[in-house]
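> Spelled out from the first residue to the last, the chains are:
2 protein chains.
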Amino acid sequence: MSSKFADRIARVQPSAIRELLKYGDDPSVTSFGGGYPDASLFPAVELQRIYTEVLTTDSATALQYTASAGLPGLRAQIATRMSAAGAATDADDVLILHGAQQGLDLVAKLLINPGDVIVTENPTFLGALIAFNPCQPEYAAVEMDSDGMDVDALEATLRGTDNVKFIYVIPDFQNPTGVSLSLERRKRIIELANEFDVLILEDSPYRELRFEGEAQPTLASLDTEDRVIHLGSFSKILAPGVRLGWVSAAPEILDKLSLLKLAADTQSSTLNMTAVTRFLETYDIDAHISAMRGVYRAKRDLMLSTMAEHFPAEVAVTKPEGGLFTWVPFPEGFDATVFMADHALPEARVAYVPGVSFFPTEQRSNFARFSYSGQSDEEMVDALTRLGAILNEHI
Amino acid sequence: MSSKFADRIARVQPSAIRELLKYGDDPSVTSFGGGYPDASLFPAVELQRIYTEVLTTDSATALQYTASAGLPGLRAQIATRMSAAGAATDADDVLILHGAQQGLDLVAKLLINPGDVIVTENPTFLGALIAFNPCQPEYAAVEMDSDGMDVDALEATLRGTDNVKFIYVIPDFQNPTGVSLSLERRKRIIELANEFDVLILEDSPYRELRFEGEAQPTLASLDTEDRVIHLGSFSKILAPGVRLGWVSAAPEILDKLSLLKLAADTQSSTLNMTAVTRFLETYDIDAHISAMRGVYRAKRDLMLSTMAEHFPAEVAVTKPEGGLFTWVPFPEGFDATVFMADHALPEARVAYVPGVSFFPTEQRSNFARFSYSGQSDEEMVDALTRLGAILNEHI
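Protein sequence lines correspond, in order, to chains A and B. Each residue of the first sequence is one higher than the last, beginning at 1 in full-length UniProt numbering. Each residue of the second sequence is one higher than the last, beginning at 1 in full-length UniProt numbering.
No lab work stands behind these hints, which were simulated from the structure alone. The model shown is predicted, which means the values in this text are computed figures rather than measured ones. Some hints here could point you the wrong way.
As the list claims (entries may be wrong) - With a straight-line Cα cutoff of 27 Å, these simulated DSSO-like cross-link-like pairs (lysine-lysine) come out: (1) B:K187 x B:K319; (2) B:K187 x A:K4; (3) A:K187 x B:K4; (4) A:K319 x A:K187.
Just chain A, with the same shape it has in the complex:
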């Protein structure tokens, strides 16, 4: 039957994230793999009240179909939040998505012919690569340092590469590295996009989870020529299980994305959109986010101090100022995928995401991404201590 598959399916292969989500279901394994938020932070009491109220008073509309672009009230709430963060946005500039992941799929559909080039950070979000791949792009991956994407390398890439359609960038607490883009570089990326006439896809699910350092403006707010397509998400600031995100872009782009959304799945869940709108009207989500920041800061601190204590001295872990991940560079020659299969899983009962899948072009094997958001403090310390002991046997 595979002889029937379209050519694009050659680019659709099982991913490390998918395999790792399976380990997340095994209670004997501590998974630092998926970007699961801390479930104890979900506003469950408030959401229980909201869903009960919505289904008691508004079930006929909340359970029905609605407009494919999403509920106007939710689009307006998001526009207000984006405007307050510096990017003047109207409700009409916002399209509700089934999670920000859907935006990656729809933007690739909108822009990519087979062979067109997407410029990414190196490494970049694996979920973006699997969303882009069915459109058969080529990738140009630009090196990063502790201030994010190297803009001189970006300029050289844009100068030397034909058919670049867009630059994909996660400016805040990048996935997988945890690094944030400096203000100077944000401005330079906008200049370069203008100069080389390419679009920018800004993926911003973690931005509000900054627990230290100074917040930087979004690329959308620095945009001078309507070149930035901005993706946001409720998964990290509210709950992933409602599957709600959004895209904001210039009208000509948003209009086509709306048509692609209608074609892809008609609309997002009316019930979940109604409930999240009501949540934003009723409760103070900024206070909720503020409380989350303190928890994640403590979890990051605990992960880094435990790694510093128990991991081999050669392993210099990065220190993110927000978000859910840290990025662990092992010594050259260490293969984090092989080590996980041979030692971390069977001996330490620990899972992480081997870094190799995050490199779009030349893959590097000596990295791993660790999430500090999804375990209790005790489980985190126990698991990292077990893993450290085994790492010390092999490094």
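Position chain B relative to chain A; hints supplied.
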């Protein structure tokens, strides 16, 4: 900016359904357009109890990420229902989707290279065409009669057409015609698919809403060579607002569809999947569906008798045995799109779906689809009476 768009976007244009959903929001217009179920039939009390319970006792898992294929319990419940309907199905054979519409998008991605041919009924579901179009297929549309797709015409089409990848068929209460496929023809379609080595995409959202006549087996249950990809939906039997559907197919196909689902939007809503699973465990959905059937039968009868009384005698409306739609053929030369814009909307304050958009190849202007599911009895009679008066002035 449109110079940046991918070639496929030439096939992504505003659709009649999208425009009509907008009229559905104008309270002065009675819309027979969208396939909105009767909101009074939603099991709102039961769903309110379920969501309250889920968010009280299981919020940490119901609001979290889960496996991309969907909750195992929900997959098992669907497999049991499909098996009871004659197609032996395991939980592993089922992938949960964000509505059956998503299945149309994913199956086209799986199978269609630009220029490949999809065989459809003529006319066929507009939402399927807009889902397929971004993959740049060609269409071969096979004529129908009161027993559904003409299988001799199908055979001639398969014999005379290269690159056919699949036959898209809605066997029960077809959208837009309301016609069902006879048992003999179902068997013949399976034979022809085997003979010409093509797949079948069976879209089955209305099947359980049969209120008269004898239920026919699904194509999936008649399948002899694992060629049928079956789409089902909770939108019509439970509520569209939860956005849950499913696809069942051979393992090799389902495995790739699972990867495409992960790439497209990570997973369906954990909260909605948890609630629907609990609903199926707690309540008797068959009793619920049975009650719905009586309501829709009465609505169909009221629509047909009102049309017979008030529409011109030349208009011979079809009589569906289930589902939500009827199909109205106007005399040759009548343009249902122009009439709606010039007369039905401004004078009668009535919307329907002009039939032209449902024809994949050679478009015909003298048809319209009317849904009888979304209005009160009084509103239906008043609106059809108004429309009939104006039709009589023009036919």
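> Does the structure keep K319 (chain A) and K187 (chain A) at a Cα separation of 27 Å or less?
holds (24 Å)
> Is the hinted pair K187 (chain B) and K4 (chain A) satisfied, with a Cα-Cα distance of at most 27 Å?
holds (22 Å)
> Within a Cα-Cα threshold of 27 Å, do K187 (chain B) and K319 (chain B) meet the stated pairing?
holds (24 Å)
> Does K4 (chain B) sit within 27 Å of K187 (chain A), going by the straight-line distance between their CA atoms?
Roughly 22 Å between the alpha carbons, so the hint for K187 (chain A) and K4 (chain B) holds.
Of the numbered hints given earlier, the model fails none.
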